[in-house]
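Participant: Residues per chain, in single letters:
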Amino acid sequence: MLKHFIEPDDMTEREYDDLFRLAQAIASDPGEYAHVCDGKILASLFFEPSTRTRMSFDAAMYRLGGQVLHLGDVKVSSMAKGETVRDTLHIVDQYADICAMRHPHAYTQHKAVDVLKNMPLINAGDGDHAHPTQTLADIFTIRKHKGAWSGLKIGFCGDLRYGRAVHSLFQFLNHYDNEFVFISPEGLNMPEEYLDTARCPYEEVDNLKAVIGDLDVLYMTRVQKERFISEDEAKRYEGSYLLNAEVLNAGSDDLIVLHPLPRVDEIDAEIDSDPRALYFEQAQNGMYMRMALILTLLEAKNEGNQ
Amino acid sequence: MLKHFIEPDDMTEREYDDLFRLAQAIASDPGEYAHVCDGKILASLFFEPSTRTRMSFDAAMYRLGGQVLHLGDVKVSSMAKGETVRDTLHIVDQYADICAMRHPHAYTQHKAVDVLKNMPLINAGDGDHAHPTQTLADIFTIRKHKGAWSGLKIGFCGDLRYGRAVHSLFQFLNHYDNEFVFISPEGLNMPEEYLDTARCPYEEVDNLKAVIGDLDVLYMTRVQKERFISEDEAKRYEGSYLLNAEVLNAGSDDLIVLHPLPRVDEIDAEIDSDPRALYFEQAQNGMYMRMALILTLLEAKNEGNQ
Amino acid sequence: MLKHFIEPDDMTEREYDDLFRLAQAIASDPGEYAHVCDGKILASLFFEPSTRTRMSFDAAMYRLGGQVLHLGDVKVSSMAKGETVRDTLHIVDQYADICAMRHPHAYTQHKAVDVLKNMPLINAGDGDHAHPTQTLADIFTIRKHKGAWSGLKIGFCGDLRYGRAVHSLFQFLNHYDNEFVFISPEGLNMPEEYLDTARCPYEEVDNLKAVIGDLDVLYMTRVQKERFISEDEAKRYEGSYLLNAEVLNAGSDDLIVLHPLPRVDEIDAEIDSDPRALYFEQAQNGMYMRMALILTLLEAKNEGNQ
Numbered sequence: 001m002l003k004h005f006i007e008p009d010d011m012t013e014r015e016y017d018d019l020f021r022l023a024q025a026i027a028s029d030p031g032e033y034a035h036v037c038d039g040k041i042l043a044s045l046f047f048e049p050s051t052r053t054r055m056s057f058d059a060a061m062y063r064l065g066g067q068v069l070h071l072g073d074v075k076v077s078s079m080a081k082g083e084t085v086r087d088t089l090h091i092v093d094q095y096a097d098i099c100a101m102r103h104p105h106a107y108t109q110h111k112a113v114d115v116l117k118n119m120p121l122i123n124a125g126d127g128d129h130a131h132p133t134q135t136l137a138d139i140f141t142i143r144k145h146k147g148a149w150s151g152l153k154i155g156f157c158g159d160l161r162y163g164r165a166v167h168s169l170f171q172f173l174n175h176y177d178n179e180f181v182f183i184s185p186e187g188l189n190m191p192e193e194y195l196d197t198a199r200c201p202y203e204e205v206d207n208l209k210a211v212i213g214d215l216d217v218l219y220m221t222r223v224q225k226e227r228f229i230s231e232d233e234a235k236r237y238e239g240s241y242l243l244n245a246e247v248l249n250a251g252s253d254d255l256i257v258l259h260p261l262p263r264v265d266e267i268d269a270e271i272d273s274d275p276r277a278l279y280f281e282q283a284q285n286g287m288y289m290r291m292a293l294i295l296t297l298l299e300a301k302n303e304g305n306q
Numbered sequence: 001m002l003k004h005f006i007e008p009d010d011m012t013e014r015e016y017d018d019l020f021r022l023a024q025a026i027a028s029d030p031g032e033y034a035h036v037c038d039g040k041i042l043a044s045l046f047f048e049p050s051t052r053t054r055m056s057f058d059a060a061m062y063r064l065g066g067q068v069l070h071l072g073d074v075k076v077s078s079m080a081k082g083e084t085v086r087d088t089l090h091i092v093d094q095y096a097d098i099c100a101m102r103h104p105h106a107y108t109q110h111k112a113v114d115v116l117k118n119m120p121l122i123n124a125g126d127g128d129h130a131h132p133t134q135t136l137a138d139i140f141t142i143r144k145h146k147g148a149w150s151g152l153k154i155g156f157c158g159d160l161r162y163g164r165a166v167h168s169l170f171q172f173l174n175h176y177d178n179e180f181v182f183i184s185p186e187g188l189n190m191p192e193e194y195l196d197t198a199r200c201p202y203e204e205v206d207n208l209k210a211v212i213g214d215l216d217v218l219y220m221t222r223v224q225k226e227r228f229i230s231e232d233e234a235k236r237y238e239g240s241y242l243l244n245a246e247v248l249n250a251g252s253d254d255l256i257v258l259h260p261l262p263r264v265d266e267i268d269a270e271i272d273s274d275p276r277a278l279y280f281e282q283a284q285n286g287m288y289m290r291m292a293l294i295l296t297l298l299e300a301k302n303e304g305n306q
Numbered sequence: 001m002l003k004h005f006i007e008p009d010d011m012t013e014r015e016y017d018d019l020f021r022l023a024q025a026i027a028s029d030p031g032e033y034a035h036v037c038d039g040k041i042l043a044s045l046f047f048e049p050s051t052r053t054r055m056s057f058d059a060a061m062y063r064l065g066g067q068v069l070h071l072g073d074v075k076v077s078s079m080a081k082g083e084t085v086r087d088t089l090h091i092v093d094q095y096a097d098i099c100a101m102r103h104p105h106a107y108t109q110h111k112a113v114d115v116l117k118n119m120p121l122i123n124a125g126d127g128d129h130a131h132p133t134q135t136l137a138d139i140f141t142i143r144k145h146k147g148a149w150s151g152l153k154i155g156f157c158g159d160l161r162y163g164r165a166v167h168s169l170f171q172f173l174n175h176y177d178n179e180f181v182f183i184s185p186e187g188l189n190m191p192e193e194y195l196d197t198a199r200c201p202y203e204e205v206d207n208l209k210a211v212i213g214d215l216d217v218l219y220m221t222r223v224q225k226e227r228f229i230s231e232d233e234a235k236r237y238e239g240s241y242l243l244n245a246e247v248l249n250a251g252s253d254d255l256i257v258l259h260p261l262p263r264v265d266e267i268d269a270e271i272d273s274d275p276r277a278l279y280f281e282q283a284q285n286g287m288y289m290r291m292a293l294i295l296t297l298l299e300a301k302n303e304g305n306q
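Residue numbers (full-length UniProt numbering), protein chains in the order written: chain A, 1 to 306; chain B, 1 to 306; chain C, 1 to 306.
FYI, nobody ran anything at the bench for these hints, they're computed from the structure.
Possibly wrong hints are sitting among the right ones.
Since copy identity is lost for identical chains, a pair holds within one copy or between any two.
Unchecked claim - Cross-link-like lysine-lysine pairs, in silico, BS3-like; alpha carbons within 27 Å at most:
| # | residue 1 | residue 2 |
| --- | --- | --- |
| 1 | K153 | K111 |
| 2 | K117 | K144 |
| 3 | K117 | K40 |
| 4 | K117 | K146 |
| 5 | K301 | K153 |
Bear in mind the structure is a predicted one, so any value in this text is a computation, not a measurement.
Whenever a hint applies, use it, and build me the whole structure from the sequences.
Facilitator: And the structure:
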């Protein structure tokens, strides 16, 4: 049985601990890991375009000494000739050793993974459902700066309805003793299906500035303007969901600010140099966690084969 | 003189034997070949988009320890600025050690190859004319499962007119003692120019189920619906050129089924687990044969330089 | 402080001498350099599509044993979601060791480079402003065949207004004792801002054939037809700015002909085999100079870190 990573819940707390420690080891001595994937191939199957996540996986695999096989532009691919995702996976399973896959439709990875005999599959995003390797970037940054994944008050701000990064991070942190504050405009609230599973206490509010002072972690997300349900909402957004120096000043000195990136104007560049702004470091942490994940899944496969 | 591989006839029977044996050796001990192309670069020049064939070459070169230099999207390339294929090849000849080239127009490789001084050229498909490395995938699979390239009754089914994979496999198998059955709808028959060169006995029929019982090898191909000359033809297609469990049951136990992929609906996924369905293994075999081909052409160049 | 290469003037004469000698050493014994960038990553950030320059950088890095991280199609990238160039650079700075960047707008690299903490930046073209690594290809070829970068009469022919390769080569050669002849149709003349800085004597003419006999170096460029200001100009172009065997015959035996490529019809393919036609060799020289540049900038970074 191949071990895949499709949902945050596909790993135990113990496995997350191990992953965090391995990523720390890689970050502190990258040269030690520069050849561990020598001769290995990562298939990069982005059925939906991506720049940042794709490049992060590419960089992760190159820094392990491995190679990356790219699906390329989906509009001109075999899929455009009518090939199913299953058939593509079936073939690539014979070319590569592990794969990272993104798809515009939720749960596509879940439905296609049974065709794989050789490649562990990493979910690099499936529609508005999940984005568990973004969660890896997030939790590395949280633990590095807060020392733990529990005992925290975490604010999620922006588009909580369609933000798959939010959904996956919530799913992870919900296993530990935390408190959540969901800060979003009407119509972009955290979906009921997630709230129903909440083990931690939470509140829903609509103004960032009013609550930022209570937070240990602020997780900002991009809001696509066309998603607002009215002009009024769009105007309120600018006052209630934008992070600039003035709003950040209301936060504590121990606050840390994360963002899955790319950001547009929900975080003003004027705070980039504030030591609490960790979103760029978070991107680098994501690369280290992806390196750790690739190594861990390949190792699990080797052990399974013995 | 560089040795290229542009037509199936560019290699002798002896050379095909050697290639088959080398591919077998690679398949049985890939680790032995993981560094043989260390420092070498394959130029991947797909002037027509491709997913499967391009990825197969990429995987082949990576598994030999080499690198791949991609032409990228042709619509935005130097060719869009008016550069000729000759000039592109002339330049890339100085960047890479070997190249795989596809072009939407037949015989483009034949006309441009004289510009090369350094890179052996592999034809990865030229219009509706030839696709000789697909043939390598096909013949590896046939010999592995049938033990020989002769003494076989081979059925070609589907679009035999525009199917370059069919044309190249026919050209190869026609050198040996075989029998052919061409199964195609009206208007998509095997072109006269190929039939005129037939050394083996052949028949042309229009119904798969009626002949499948006699075949040792069934080579299925994708038919683009818009190529049917009438609604009636399109309807008959579904009854006569589709392979499902019912039709396959009329085949012998020793039959093997090949397909160059991608398949759309001409093969029902219900037969994928039938041991006679070899089209996915065939894709893997194609990778091994491309590895063997790259090695063989680079070696021929080195010997020529000594 | 990172050392970047954004303008031709970013290196001293001494540094250009060193770069030339290093590129010569690489060209004469490439095997010696096949692993010097082992484990290093070049970020290839082409915010404007490019085939030739991108492939030249790719080939350069692969031949040094390094890897290349591609930004990919800009239309579908994070930038399409509204991410700024600054943010993209900030993130990639954490993924790669060095970067080559092209942008459609002039001076973009100059304005964004301050965000970099880790990657030296190489300007691979910024709008119609500069293209200093093309200059490296040019000056390697000139010195190899003429023995020096001074004492030469150099003709620049074609689109001198928008030709960034021309601007950068002029900027370099203007530091030495040379003479310039600018040969261009009306409206595509060398911009005043460059002429104002000329230290070498120059003349402006409008007919190639009339002056070719006096030149040591002829630098041809592509003219986009739509840039002519009148039908008459377009017609005169064909008589005055095209290089064919008849025009070349009026040149001396020691003349060398360069072109940044891709060429369309401003150089007739009939002269490609003339020993004075060096534009294809020039492309190869560009690869060696890019290898030397990557090595030099990475070395400067390492020294800065010690």
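Participant: Please list, smallest to largest, the hint numbers that this structure does not respect.
Facilitator: 1 and 5
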